[in-house]
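**Student:** Residue strings, one per chain:
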Amino acid sequence: MKKHLLTLLCIMWFGTSLLHAQNLTVTGQVTAKDDGKPIIGASVGIKGTTTGTQTNINGRFTLSVPTGSSLTITYIGYTTQTVAVTGPTLNVVLNPDTKQLGEVVVTGALGITRTRNQQAYAAQQVSGEEVSKTRSSNFIEGMAGKVSGVEIRQTNGLGSSTNVVIRGSKSIANSNQALFVVDGVPFNNGAPSGSTINSSDQRTGRGGYDYGSPVQDVNPDNIESVTVLKGAAASALYGSQGANGVILITTKKAKKGLGIVINTGVSVGSIDKSTFAKYQKEYGGGYGPYYEDDSGYFWSRDVNGDGQPDLITPLTEDASYGARFDPNLKVYQWNAFYKGLPTYGQATPWVAAANDPSTFFEKPVSNNQSIFITNANDNGSFKLGYTRNNDTGILPNSNIQKNAVNLAGSYNITNKLTASGSVDYTRTDGLGRYGTGYQSENVVGNFRQWWQVNTDIKQLKNAYYNSLAQGETGNATWNLSNFNDPTAIYWDNPYFGRYQNYETDNRNRYFGNVALNYKATNWLNILGRVTVDNWNQIQDERRAVGTTGVSSYSNRRTTWNETDYDLIATVNKNFGNDVNFKAVAGTNIRKQRYQDIFTTTNGGLVVPLIYALSNSQNTPDAPIEADQPRQVNGIYAGATLTYKNTYTLDGTLRRDVSSTLPKGNNTYYYPAVSAGFVFSELMKDQNWLSYGKLRANYAEVGNDAPIFSTIDYYTIGTPINGAPQTSVNATKNNPNLKPERTTSSEFGAELQFFNGRLGFDGTYYVNKTVDQIIPVTISSATGYSAAYLNSGTVQNKGIELTLNGSPIRSKDFSWKIDLNFTKNNSKVLELFKDATGQQAQNLQLGSFQGGVTINATLGQPLGTIRGTDFIYKDGQKVVGDDGYYLQTSTANNVIGNSNPKWIGGINNSFRYKNFTLSFLIDIRKGGSVFSLDTYYGFDTGLYPETAGLNDLGNPSRSPIAQGGGVILKGVKENGQPNDVRVENTGSGLYGYELNPNAAFVYDAGYVKLRQALISYSFPQNIVRKLGPVKGIDLSLIGRNLWIIHKNLPYADPEESLSSGNLQGYQSGAYPTVRTFALNAKFTF
Amino acid sequence: MKKYIIALLPLIFLGACKKDITSLNLDTKHPATVPATALFTQAQNTLASTLSSSNVYLNIFRLVEQQWQETTYVTESNYNITDNKIPDGIWNAYYRDVLEPFEQAKTNFNSSPIISADAKKTDVAISDIMQVYTYYYLVTTFGNIPYTEALNVDNKFPKFDDALTVYKTLLTRLDTDVAALTTEQTLDMPIRSTAVILMHGEYLPIP
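Residue numbers (the numbering used here), protein chains in the order written: chain A, 2 to 1085; chain B, 415 to 621.
Just so you know, the hints here were simulated from the structure itself, not pulled from any lab data. It is possible that part of the hints are untrue.
[What the hints assert, rightly or not] Here are the in silico distance ranges between beta carbons for each label pair: (1) B:Thr442 / A:Lys459: 52 to 60 Å; (2) B:Arg476 / A:Thr620: 51 to 59 Å; (3) A:Lys664 / B:Tyr550: 40 to 48 Å; (4) B:Thr442 / A:Tyr765: 44 to 52 Å.
In this text, a Cβ means the ideal position worked out from N, Cα and C, and glycines have one as well.
This is chain B alone, in the form it adopts within the complex:
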């Protein structure tokens, strides 16, 4: 009898031996936190690419204005925007690939221990201006859009706000941001000046 209990003992040990296997579920190839500047640059890059894109799935406005004309496959030139899901492409690009990274950059700037309070204000203001710029394109393309309830993943059915109200809100928001900008170039700016890829990182005075 004793023999059998000894034989079965390892069974219990193996089951009990439980080193922490949850640590296996950390992705070693992708970071969980990134510098806010990297998010900012990527968002600017995507915004500029989308606005100037000739990819029919991202930007058909040259066709709509009849500046360009498709030849063999004339779907979009004929204003058929359902076949290739044109509205979906533009919507996803602005909200998911531009606005969200700017939003996360704002949060990361605010919580960064490295930069000074003034610089934080400026960085947050710049990111906010970029968001205003993006929302401008959204509201003029689609009309009513989610605005007050947007960019909050806990609310999966954000309501659509009235276009005129959004437009007016954007203007007042812009005023607040401009006021928050300081015109001084502080020593810790150079890092961020490479992050701002539009206009080579120089902050042009806003009239």
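Just chain A, with the same shape it has in the complex:
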């Protein structure tokens, strides 16, 4: 739908001039030639008079016209048409006029609009329709692969978080997430840092749930358009929050006339098997030939009480390096030890399970409905919408429901003063989000790393329900402590884990504002506005009695409150014909408060199934509280001067005072200057060039300190024997912190050719962030493990290219193609120096299971993965005398980097009459990821690589004496090819026991067919017969359809633990879900 432009004059009054002869009432519709869609707000006037009207939300108009006259139809971006009135109906098709491309209005920071000619920084716009057409409840999914310069990583859990970074990570320790702004006001996406609501344990893979990104509370159906402001010059008016780039969301505004839109849709999905494990089916449970019977692969204990020892699977061993399967061998397995099962007390054939863990996943179903009612007239406007989303996940007992209400209204008190208000309320209820990281709640980690392949998932499901029916806890696990002791030693029955160790959460979010807008003169506008962004969330996490380890219940309550007071004056004045002057001056007071309280039971639950803090074996420790207020007072001004629509000069300056920096050093200034030159205005005679602009800008942005980092605090612990305990914090704070600074320069060009059929937008940027406030890790011999310092410089240089073309454009068929490409090079230029001038070489950002760390390493892109490595000779891995790979004795070698070399997207869209087909391919080249799943899973022998036949054609797991064993690929220390055969009879050869971390670092590149869509708009002649219905659109959408290429085996390279700065590590990676959705949209 086309936007209503501000600069268009409304001719609304009917002249009382003489009407000669009769008047004819003419109705009709105005549509656009390029896509056939109705044009809203087109001006329809009687030629030669000032009488006229505008088209409404459906592109229709009604006008009383003297017979014999002509109508002139105009709309920005399209060639004006004059058509003679010949009858009561007049339908007009307008052709795009690309010579007016420069007049298109674009939205910038603070909602300030300007024409495209006046915009001298890189920004890209995506329509709300484009973003919501995937029908996902997470609007960011609709942006992936469509905007250059923006890297989006979506994790695969149900309702899980999204990482959005523009132009590379700049900050070593603070958030790098883009700032989301809704209708001019920042929309919180995480607390206390701006990037996540997940705990630090969760982000470093130690377990926990991914509670998603709060920006997912934005309702995609309420979005009119999304503008990405990529560089500091574009976002300087937002102050420090805008340093990472801004994603500006404009919500739908009511158009003249009543408009009702109803969407209803359903989708089903299934896992993409290429992103999940495949199992070897040759060998069963055990770590090798170490046990009690003659073969060494089984326990030999008396199960049935007849005095004779029986063969039992080594129940405690969570690996599959056990005995070779033999259907003729009967062995007591886990399912023999639970009363009520058909296999109770029976030895069963020793075979691979018929139902391996890939059968554990369910088919997720989503349904969504939304209704929006809007209306506007001369006196005001009104919008009311309700949207509901219900999603189930691939794991049993997982469900997220979202309900959103959007209400907005405005009223013109006088013709100069308008009052407006809006409330967006979203409620999210989650049940059974997926466990992440290295914890028994993460069933996928269990399946990928520690499993016995003789264990059948369907049997486990029956065993769970059977155990409940027997009055037990339900934890009929395959991993018993002994045949007569069903305590789960390491792993629960996965169904017990999902149905009994589950979380529930709910979040209420209110985002609203009241505003008064005063049009003082036709060139001066003053806006006063108060906005509140408030969310409160409750998280309950449960571990039931009977689970492995200690049962528990924990409760966390978090509140975020942000209030913004804005007073903004804008000026837009033309001086003569050639000069246009725009200016803005304003003040912004931002008050934020984060409050959190976390309590957990201590020592286990007393009464099963009661999840209350009073139900604790030992007295719970005192709750952990946080109360973090913050205030930033800002004042800013900016001016844009445009000469002859060709030359633009723009400057802004913002001054911020922040509460988190020490007094005397808490004020900082952000200047920005940009210049644009629309050279196509000087070349109007060249028909092949429809638009050409060069732009350059420079900006400086600052960033304040994390809260409470200027004074040292102690933590009060639980008293022991009545004596109080307090501990020193591990990080030393710094009373002398200064603000961080980012300087950014940008050069770009925008070109359009052949009447807009071919377009190009390219930008080169250089960003440098200095004086970064980092909790520098230092030797704990100093008494602290980290100290806050202004240290560290990171540079990001890169290019962004966008190419779009319409190779075919006719009435019935058109083809549009959009390409985008982003290459960002990040480099850590400097880390901290001590008083003697010694320069640190590395700063650790996170340490993970498996001994790998993610770091900022001097001279390398930000985000290096460090760990143990192979020893190489002439590029080949070196093998020792014993035939195993040699490893470095150091654990800090750089073995990978999480940053991609480049990312890109290809978006194709075809239209044939009323059908539209589009598909989006998303590409990422390079970058590394460490997989804890293969680190452990190859060790425990779950995957086909660890079994099979060796070079002699014999099973590799047979002893060398029987022709088995493996010769590892590599060279001996003398440089000769390796010829030493090693045993593969027990765990370790392919996994963590005998390989360095580098063996499990993979190239994380991919080519994905991310979405494809077919839609059909019912033609007007059918719709007209359906009464009040003005339009029906049906669409079939597929998401995550196909990973065309990837290098990471058994997993999705995009999957990660959480949003935030720690990327490049996977532990219990969830498979990708392929979904097909059917949606119907009705417009009234």
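For this one, chain A is given, so just place chain B on it according to the hints.
**Tutor:** Showing chain B alone in chain A's frame:
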């Protein structure tokens, strides 16, 4: 014209109105100063827990001596101390979680206005003995360790001292501390006797 100036005036006022927002940056949930006894107790607790811990990330010495043996996951029993970063865990526990709180307790005892000069001497001496005890474990585990330049956060790259020199220094330091102990139990001792959780707060005579 006057109308517009009046309309813009609030703008200037809002910008100028600057109540002290730095006071927001004081954490109301965590104290900035604490009694020295609380730090002392916590440090003793951590020291005792670390020395007796069965947590493989804190104490693998029962495995090293082969008193205990790991079963399924035999990494540390096989003397592989890099996979689970064993040295880092022990180092951090002793320096950061034990020595530093004892150091801060010493400083706080010295500057406390409540206790008598004699009691201060004793308290500082006791804290120092605990530090000697901790450094003993550090030097016998790691050999050369930072000692003279340790526990000073302004020096981020403390140098390693020779192990034998450190050992000898510890012994002379111990002598000084013992001499500073008074055997009298003064009236203000009871508070601190609950703070000393080893041996139930009784000061055993040191031979």
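**Student:** With reference to the structure, classify each hint as holding or not holding.
**Tutor:** Hint-by-hint comparison with the structure:
no.	hint	in the structure
1	B:Thr442 / A:Lys459: 52 to 60 Å	55 Å, holds
2	B:Arg476 / A:Thr620: 51 to 59 Å	30 Å, violated
3	A:Lys664 / B:Tyr550: 40 to 48 Å	45 Å, holds
4	B:Thr442 / A:Tyr765: 44 to 52 Å	48 Å, holds
The structure fails hint 2 only (numbered hints given earlier).
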